[in-house]
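Residue numbers (this note's numbering), protein chains in the order written: chain A, 12 to 616; chain B, 247 to 424.
Source of the hints: derived by calculation from the structure; they are not laboratory data.
Note that CB positions come from ideal geometry on N, CA and C, so glycine has one too.
Among these hints, one or two may not hold up.
[What the hints assert, rightly or not] Sample of chain A residues at the chain B side, in silico, Cβ under 10 Å:
1) Glu-268
2) Ala-344
3) Tyr-353
4) Asn-355
5) Asn-368
6) Leu-369
7) Cys-370
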Amino acid sequence: MKDILMGNDAIALALIHAGVDMVSGYPGTPSSEILGNFQKYKTKFGVEAYAQWATNEKVGFEVAYAGAIAGKKTCATMKQVGLNVASDALMSASYIGLKGAMLLISADDPGFHSSQTEQDSRSFAKFAKIPVLDPATPAEAYNMVKLGIKISEKFETIVMLRPVMRVCHAREICDVDDKLDFKPNTGEFKRDIPRFAAVPPAGRFRQGLEQFERLELIKEFNWSEFIKPQIKNLNKSKILCLTSGTGHGYVKECVGEMNIKADILKFDMPYPLPKEKIEALFEHYEKVIVFEETYPCIEEQLSSPKLYGKLNGTVHKIDEFSKDKVLNAFVNAKVVESSDNYKNAKYDKELPVRPPNLCPGCPHRDIYYSIMKVFKKKKSIYPSDIGCYTLGLNQGAIDTVLCMGGAVSMASGFSIADPNKTVVATLGDSTFMHSGVSPLINAVYQNHKFILLIMDNSTTAMTGRQTTPQRSNPGTIDIKKLVEGCGVECHEYIYEPNLDKTISFLKMLQKKYEEATGPVVAVMREFCILDKERSSAMLPRIYAKVDEDKCVACDICTTQYKCPPMHYNENHKIEIDPFLCVGCSACIDDLCPTGAFEKVEESVK
Amino acid sequence: MKYQVVIAGIGGQGAVFLVKVLSIAASLNDQKCLGTENHGMSQRGGQVSCYVKVGDFYSPAIDQGQADLLIALEGNEALRNIQYLKRDGGTIIVNADENFPKTEYETIKIDAFSKAKNREFPIQALNVYMLGVTLARDSHFPFSQENIEEAIRVMNPKVAEQNIGVLHLAIKDAKGIV
Chain A
12 MKDILMGNDA IALALIHAGV DMVSGYPGTP SSEILGNFQK YKTKFGVEAY AQWATNEKVG
72 FEVAYAGAIA GKKTCATMKQ VGLNVASDAL MSASYIGLKG AMLLISADDP GFHSSQTEQD
132 SRSFAKFAKI PVLDPATPAE AYNMVKLGIK ISEKFETIVM LRPVMRVCHA REICDVDDKL
192 DFKPNTGEFK RDIPRFAAVP PAGRFRQGLE QFERLELIKE FNWSEFIKPQ IKNLNKSKIL
252 CLTSGTGHGY VKECVGEMNI KADILKFDMP YPLPKEKIEA LFEHYEKVIV FEETYPCIEE
312 QLSSPKLYGK LNGTVHKIDE FSKDKVLNAF VNAKVVESSD NYKNAKYDKE LPVRPPNLCP
372 GCPHRDIYYS IMKVFKKKKS IYPSDIGCYT LGLNQGAIDT VLCMGGAVSM ASGFSIADPN
432 KTVVATLGDS TFMHSGVSPL INAVYQNHKF ILLIMDNSTT AMTGRQTTPQ RSNPGTIDIK
492 KLVEGCGVEC HEYIYEPNLD KTISFLKMLQ KKYEEATGPV VAVMREFCIL DKERSSAMLP
552 RIYAKVDEDK CVACDICTTQ YKCPPMHYNE NHKIEIDPFL CVGCSACIDD LCPTGAFEKV
612 EESVK
Chain B
247 MKYQVVIAGI GGQGAVFLVK VLSIAASLND QKCLGTENHG MSQRGGQVSC YVKVGDFYSP
307 AIDQGQADLL IALEGNEALR NIQYLKRDGG TIIVNADENF PKTEYETIKI DAFSKAKNRE
367 FPIQALNVYM LGVTLARDSH FPFSQENIEE AIRVMNPKVA EQNIGVLHLA IKDAKGIV
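Okay, chain A solo, but in the shape it has when bound (with noise of 0.2 Å):
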């Protein structure tokens, strides 16, 4: 049957064709959408599986994984930088290896379109010593699940699945199984401590020579599997491109376009490499050129003088690929002459930018506007850390960005190496309860006095809105208790379209912070404006207008508040895009210093 999916669509039909019925992960763009609708396949087939969010990578990792051990077929989906957050229990569950199946997903985003790095999880399986397979498309990802799958229970490892954006975000025509075999697998777990429980040296020592014997079978199986049957397309010129994922369909559309003789031969299991045996056919050929995303993984395992790619400066070594950096690569391995097919005039003047901002209506902007108000810049720090929230940088409220989590803990570092200034960190919901519970129970024990607001929107916004555990536990699990049960009172504002009313609690949050020996914490109860099962209770619709009369360009809205309606008009006065508008009305009491702003009386929308 064919059908038009998108990548990450097409892995959670593959995973449900594969008989996977335990998911488990933690959103991260580009990754997100493979839970979510593997949740929907589950739901429209009605198959019993178990697919639901865990509160960070690590923890979806191990639950996979156990399940993995006791029989089942598994997934854990991630992003590339929640596989370092999974990464202490992955180095050891690649030597203890697993019963079932299980199938480490972990989507790489070349190019830091929505990342803080551009790390290669390739390269991370290298580390972990698993196989790892490189889809090019959506259609090659929906196979290569199942193939996973299918490697995992017959060498009895975790096989990783490296989608990059360019696959989990793109759509193609997929040819999908018509009929649904899927069986729940019993998990059953069979005792067996020397293996599951192996205590060092000696047992973790054995499992480490037996990894290495798995990996040797792997490399064959690679070499029969996916790279003897291409060599009949080999010998046909002197250039060799060695690919792997999305880089092989930029080359493969470049050597088509530009009449690049050059033979290609695509590494679907970048690791582990059977090296010897491709070596063995580069004899043919004068240049060998590496082409793949991000990091040299594939160079890295092979050696040949022939061997052009990222360490020898012929390919580029950051951000994602483009048919003009593959034709840079030959014109540097001195395989074509250089040529501006590529190449276009961009538009020549200067046009207004669009830096990522919080969207229109979204309560963070008050807490971040208000939060500049109440702590002035010059005698405060300003940690944050990984989520919608992170735009309230255009606001000027943020100082740092790190990771998951790390706004408690660099709170507590600042407190104590800048003791002189007050540090406001912020973080979300679903960030805290991710990592930031520990830090602040660091902070407690260590008595690190800061300010701590808890951006509370009851849902994982920035992925596209994934639930929480507070969401999908109201009363149950609650920020409060748990920021209670870290040793430290919680305060709680509940918002309000109000500036006035939002200043003041962090003014009472001032105070409280001067008799303070600790942190001091608030939860900000607060709503995505996109969420539309909260929001559309508690957004007013009341959409602003400007009047010109009382506007005197002062640029407080525009440089303070940035709210995206916001902007000059031609008269040099500002004025509100009634399309953008949300109708928060939180701009028309107390932002405008000349009470420009008013009420509209009947929207456009």
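Fit chain B to the supplied structure of chain A, relying on the hints for placement.
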């Protein structure tokens, strides 16, 4: 046949919806199709661009100088993406008023914002409106009106008739512009 389309707009205008419609239309025609989206970190209000490649392609991204057509839901986003157009024969279909600057590309501009302000169609259907303009004015567009209407029905039957109404309005409006 190979045809490459860049769709540009602002987050919330429904550029991604157009990728879905065009990919469904391609699949209904039994054509190969690859699409992708670029939308950075903003949920709403940021710059969004999407690519649709119909025909024998292996990578979803579009390089500079390659696109046959640029559909822009807003004027500045059109200008921000003109480098993706083919130097010869690239077409711009843009929602912009008479101030949209002259470029070297064939340009069809229509002030859809003012039509929405006059309540001629709901602003949520801006994307479908611009698709209608494309159908009416891009003679190389590889999809027929029937084809697109069927794709809109496949995508979401509940709101299909309303969307098709906007499509018809746009086709009528676009035939009248110079």
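Run the structure past the numbered hints and jot down the numbers of the failing ones, going up. 2
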